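**Q** Single-letter residue listing:
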Amino acid sequence: MVKLSVVIPAYNEEKYLPKLLKSLSRQTFKDFEVIIADNNSVDKTEKRALKFRKKLNLQVTHCKKQGPGPARNAGAKLASGDYLLFLDADVVLPRVFIKSALSEFESRFLSIANCLVWPMGKSVVNTLLHLGANLIMLFSHAVKPHSGGYCILITKRLHERIKGFDESMSLSEDCDYFERGCAIGKHATLENTKLFMSTRRFGKEGKAGLVTKALLGYANKVICKNRQLVDYKFGKW
Amino acid sequence: MVKLSIIIPTLNEENYIGRLLDSIKNQRFKDYEIIIVDSNSKDKTKHIAESFKKLPIKFLTEKQKGIGQARNVGASIAKGNIFLFLDADVVLPSKFLRTALAEFEERFLSIAAVNQLPLASDLRNKIYHQAYNSVTDVLQYVYPGAQGVCLFTTKRLHERIVGFDEKLRLGEDADYVKRASKLAKYRKLVDSFVYVSTRRIDKEKIGSLLAKYAKCDLNRALKKYDKVNEIKYDFGEH
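The listed protein sequences derive, respectively, from chains A and B.
Quick note on numbering: our numbering labels position 155 of the first sequence as 155, and the sequence is numbered without any gaps.
Quick note on numbering: our numbering labels position 134 of the second sequence as 134, and the sequence is numbered without any gaps.
If you're looking for bench data, these hints aren't it; they were derived computationally from the structure.
As the structure is a computational prediction, the values presented were derived from the model and not from experiment.
No false leads were mixed into what you were given.
Pairs of lysine-lysine residues, derived as DSSO-like cross-links and limited to a Cα-Cα distance of at most 27 Å, are as follows:
hint: 1; chain 1: A; residue 1: 19; chain 2: A; residue 2: 47
hint: 2; chain 1: A; residue 1: 194; chain 2: B; residue 2: 185
hint: 3; chain 1: A; residue 1: 99; chain 2: B; residue 2: 182
hint: 4; chain 1: A; residue 1: 30; chain 2: A; residue 2: 19
Just so you have them, the derived chain A footprint on chain B, three or more residues with Cβ under 8 Å:
hint: 5; stretch: 101-111
hint: 6; stretch: 183-196
With the Cβ distance kept under 10 Å, some of the chain B side facing chain A (calculated, not the full set):
hint: 7; residue: 154
hint: 8; residue: 156
hint: 9; residue: 157
hint: 10; residue: 160
The beta-carbon is built from N, C-alpha and C at its ideal position, and this holds for glycine as well.
In isolation and in its complexed conformation, chain B is listed as follows (with noise of 0.2 Å):
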């Protein structure tokens, strides 16, 4: 049995997951498995993630496209009691999985997001991101919503939600934290944080992007599910 799984959905993602991969091979904490719920990508995707031959990775391959149901899939064969969900385009800082579990065990928490710093390293970038580190530290006791970057929870409690909710084809990570939050305990994690591509503002104006997730979390806040998937973000794009 092992403590963690590791649960990553990709789609064409070759030019991230190796990097991704090469961070966790590089962590002092050993006990995990990796579960890749892959949406069927015509890269090299599988192809890197079977180059990393010493690490304990399920690679799975599947037809459907949505990044909630991937999750699910990835979350039902998973064996440890706490699974992190992770991005492809995430870097784990050395010590990450051992801090943070540390924290997530010791604070009682039953789900538990971490602070993002960028891979870029230009001015601009460095602001965005600790205004949204700033911003859902506020919003973590109030409004609790966290991308699914990278998000801790207890395989008890995604079982109790009954995962992802796969209707929504964005902003499933946040209405599952708001789930969830709802039942357990939920927090921000102080000692730890990932980095994270910033291929999301790159490809977009910041103003569009933000008012792209505004309108996602009202749409979602007034259960008008066909809106919120109507809103362009494509899974594997960002």
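So here's chain A without its partners, still in its complex pose (with noise of 0.2 Å):
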């Protein structure tokens, strides 16, 4: 019995998730399991990430269903941890990351939470735009709770109890289930750390095409609940 499981989603990854992976074998704190669930790519995914064999208490798990949600829960089905904790595959995080994650999520006694996001590079734009990301995070607590997929760190008890992602949602399913979660369990974003995170999606769309796409988003989730505006491919941005 480990305590922490770290799901990671995986379509097509064989560039970032190494980079992931070896971010998680040079954390300080080392009471994890990793589960990638491999969302039938293509490339070389599983081989790269069975390299870490060695170094990490990792496992990959085939997920035929395709998106992010579906995966989750597969990965989330084999989990033996208390707590789980959802990555995507472009992001890194610092040495100290779990370990001061966990001390924070227990001594707040949070049953679901989200972290500070911040870009890889040294871009300002990128940097202003990841802050306002952030604020709009610290302060969707009081309004309506909103979170990405990139990280959420929840109790399998709590993930159990909302029966985990909705896996009719082709978007947005990640701020469905944060929604969900932080119905119940007690919520927020945790201040003692943070993570780095790819600007892919900044490359694909455009940085004022996502930051449009992703205001409209919440807008639309605040204002009418949910009824899909945009399209939005996992994967492939």
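Need the complex rebuilt from these two chains, each delivered in its own frame; the hints are there to steer you.
**A** In structure tokens form, the structure reads like this:
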């Protein structure tokens, strides 16, 4: 039995996943397992991941049903930890991430949390955009909790209580999940820790496009309850 | 390992403790231990408690007289992951433990209070209790604080806030809930209630009782602990 299970959905992530796994293998906290839910990748995702089995308690499971929601659920099903940490493949963790995240999570008696996110690289514009996203995340707890799925820390008990991610949603299944979790358990954005995320979303769509989509998405959520306005494909951004 | 530790502080409770233990005996939920922390009662409290041979009771005798201290002593030897603090003059409805625990876990609470109904059936008492319940229903969101009459809490949370404040002779329960709810999720349970005796109200006029509570809360808020403790309100008589 480990304390924490890290669940990573992956669809053609040979480029990014190894960086995340490397940062996981360097954590100061060691009592965790890694479960990669491979979503029909056609590249070397699995092969690259399996190379880390020497350094990490790692397994790869295959989820046929396409989408991050089903993949996360499939990974969580195999998890043996009391806590689940859902990460996207294109993030990288600082060495003390798991240790400080868990200790803050426990000392604040949380059941579900997300964390602050900063871009990889040194672009000022990117940093400002992420600052905006972080502020929205922090303040949304008072209005309507909002989170992407790139980093959600949750107790296994709460994950099971809300029956995991809604597999029928193709977009913002992560927001929906976070919101349902927050309605039951105590929630917050972790303040003592942060992670780094690739800026590939910006690259493909352009900054203005993505920001507009994100803002529209959130406004849409607050105002008209999850009617889907925008189309967004998993692994394609 | 039991799931629930029921902790009951007592001082001269021979008239009440039997009824409470009877109502615990009748629960269908059995995964509990009972810890009675007695402040050296001069009456038959111990004798009555020991007559319930089939119940898993640990009876501790303490010299000190503080109710917060008594609860802390009980909690320090408790083995359950969830604590239930009860006053001796409470009676549990049948199925209480099962229903209350199910809701406590279902809603991911770390600390919870319940509604109180009077053991007496006169209208005046019913109105008082209903009013108390309604007021605390609203206050739970803005000014958490509950009576120690019946309080669920997790062991982890109790230890984290280092238990009841033993310096307080009165209002230690409201203080406890307030500190706890800053850290963890506190709510009143909606599916459960307990019966309480009306001795608090019988002894004193409702006005003067409310005035005492208000004075106590105010002074506690101002951290004037001496003034709180000056208020005449004796453990075991209420």
